[in-house]
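What follows is each chain in one-letter form.
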Amino acid sequence: MRSKCAIVGLGVTAQGVGLGLEGRELRAQAVDLALADAGLPRDAIDGYIRAYVDREDLRYMGLSPNFSVSMMTGGATPVFSIVAAMAMIEAGQAEVVACVYGEAQSAFATSGKQDIGSYGYGYPMLYGLLGAAATHAFHARRHMHLYGTTSEHLGAVAVTQRDYALKRPGSLGYGQPLTLQEHQSSPMIADPFRRYDCTRNTDGGIAVLVTTAERARSLRNKPVYVLGAGTGHNIVNWHKGQVYENHDNIAPARARAFGQAGLSLADIDMAQLYDPFTISPLMQLEAFGFVKAGQGGPLYAEGGAGPDGLIPTNTGGGQLSAYYSTGFTGVAEAIQQLRGEAGDGQLKKAETSLVSGHGMNAGVQNTWAHACMILGRNP
Amino acid sequence: MSETLQELAQHPLMEAIRRYGGDPADVPFWEGCSAGSFRLHRCNLCQRHYWPASRCVEHGAADMQWVEASGRGRLYTYTVMHRAYTADTRDKVPFVIAVVQLEEGPFYHSNILDCAHDEVQVDMQLEVVMQPHASGLTIPQFRPAAR
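Here the protein sequences line up with chains L and D, keeping their order.
Take 1 as the starting number for the first sequence in our numbering and just add one per residue.
Take 1 as the starting number for the second sequence in our numbering and just add one per residue.
There could be a bad hint or two in this list.
If you only want the chain D side, here are some residues facing chain L, beta carbon under 10 Å, derived [unchecked claim]:
#: 1; residue: 17
#: 2; residue: 77
#: 3; residue: 82
#: 4; residue: 86
#: 5; residue: 88
#: 6; residue: 93
In silico SDA-like links for lysine to any residue, alpha-carbon gap of 25 Å or less [to be verified]:
#: 7; chain 1: L; residue 1: 240; chain 2: D; residue 2: 105
#: 8; chain 1: L; residue 1: 240; chain 2: D; residue 2: 103
#: 9; chain 1: L; residue 1: 240; chain 2: D; residue 2: 58
Simulated from the structure, these hints should not be mistaken for lab results.
All figures in this text were calculated on a predicted structure; none of them were measured in a lab.
Backbone N, C-alpha and C define an ideal beta-carbon position, used for all residues, glycine too.
Modelling step: build the complete structure from the supplied sequences, incorporating the hints.
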């Protein structure tokens, strides 16, 4: 498994609010950018995975793959799509698979076409439960109860990520400092989350090209190798009554990813962890074992997730402060760091990165899907 | 279960249940609420309780039955909603949404009645009270348990 496949092309469109482009156009631009980045012709793409909902993409983009798959497992979809791309390559169905995202979220907001159904939670809606902030607040409140985590700890996550974004042109947080005091005085949304504990939707497209390690070595970019990957579903913690202690079901995903990579936590230079709300990277750092359960808050407060800390996390500002490409944000940041293309935000040591995605909070409740992978500069 | 799922799908409560993404398999629960009874779906082989309707993680559909539950539990976690995302919550904010861990094990989402926001605490003991809802369903709500 280790390093059988590599990422050889990355396309990141403009990211932001009100770009005025359709989702399909953003995906088409992302694919064009990824092809140009990889130095591959259009007909090299022989597999196409559209993260999230399917549309009529192939004709518009002039692509001719062997297959086109629409994939939806919440914010875990981007990482999952790369794992699935490797599986299709291994199965002999393709040699270059495009994993593609592009959404014009602000077009939904202005047209009123936003489908709130996807943010509903079934029967709990009888009690006014709507929106991901409330469901993630359940995790945050439980964590506060068990470990004494505070709103200031959550604020430290927001400030840490904003500090990263300050150095990254094109991110929403570029040149927009955020202080802990500003976090603390921002309005309450869903207690304990204040405004700066929450993300907001942005427009943007991202495409990643996955191919065999062998072919990767003949292409223009330094390949970014997939060293290992893992998945875990939170339903098992629902059955055990432990779903609020477990933001995601990371244990099985971590075991598989690190097992395949033959690496330990100490070998990981940075983490790009899915961050819809401040509690999310905090709890993931605990679940992956970088700190003990309950120590995520103090870690952030002491700068442990900053560029010189124990584990630099969400180093481009993440979805909280850079842009919200629904899980591709962290994938793109890891690739840019590993290639040494992160500009003023480039980490001193960037040989390996952990990348996670999670989501599918719907139904009776919660963040169901989790997928993670370890990317590396070297096979 | 005496009625088939096809029969339950024709139940008058289904229109409201579907509006909330619910399933005919849950009709006996909502019928119970209308009759003032708080029910859970129990596997009679191992006594595990479930909500909503479920197959047992161990025994599947072998012996599932809707049974009267205690209607008691403890507050497991909660949020206070400060934003109204729907018209019917506009005059309610701020309001509490809690996750109740029932004595029998399952989680149940509810508002907390008869309790000021700043007195809501994780682990507080709660009891059920039935309340009419605009949807036409009668819904379980929880309030601090009488001592």
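Structure-based check of all given hints:
1. Of the supplied interface hints, the one on residue 17 of chain D holds, with its beta-carbon coming within about 9 Å of a beta-carbon of chain L, less than 10 Å.
2. The interface hint given for residue 77 of chain D holds, since its Cβ lies 4 Å from the closest Cβ of chain L, which is under the 10 Å cut-off.
3. With a least beta-carbon distance of about 4 Å to chain L, the hint placing residue 82 of chain D at the interface is held under the 10 Å criterion.
4. Interface restraint check: residue 86 of chain D against chain L, minimum CB-CB distance 6 Å, threshold 10 Å, status holds.
5. With 10 Å as the threshold, the beta carbon of residue 88 of chain D comes within range of chain L, its nearest partner Cβ sitting at about 8 Å, so the hint holds.
6. Restraint check, residue 93 of chain D versus chain L: the minimum CB separation of about 9 Å is within 10 Å; hint holds.
7. Between residue 240 of chain L and residue 105 of chain D the CA atoms are separated by roughly 9 Å; this keeps the pair inside 25 Å, and the hint holds.
8. Annotation: proposed proximity of residue 240 of chain L to residue 103 of chain D holds, straight-line Cα distance about 14 Å (limit 25 Å).
9. Distance check on the hinted pair: residue 240 of chain L and residue 58 of chain D sit about 12 Å apart at the alpha-carbon level, within 25 Å; holds.
The structure meets every hint from the earlier list without exception.
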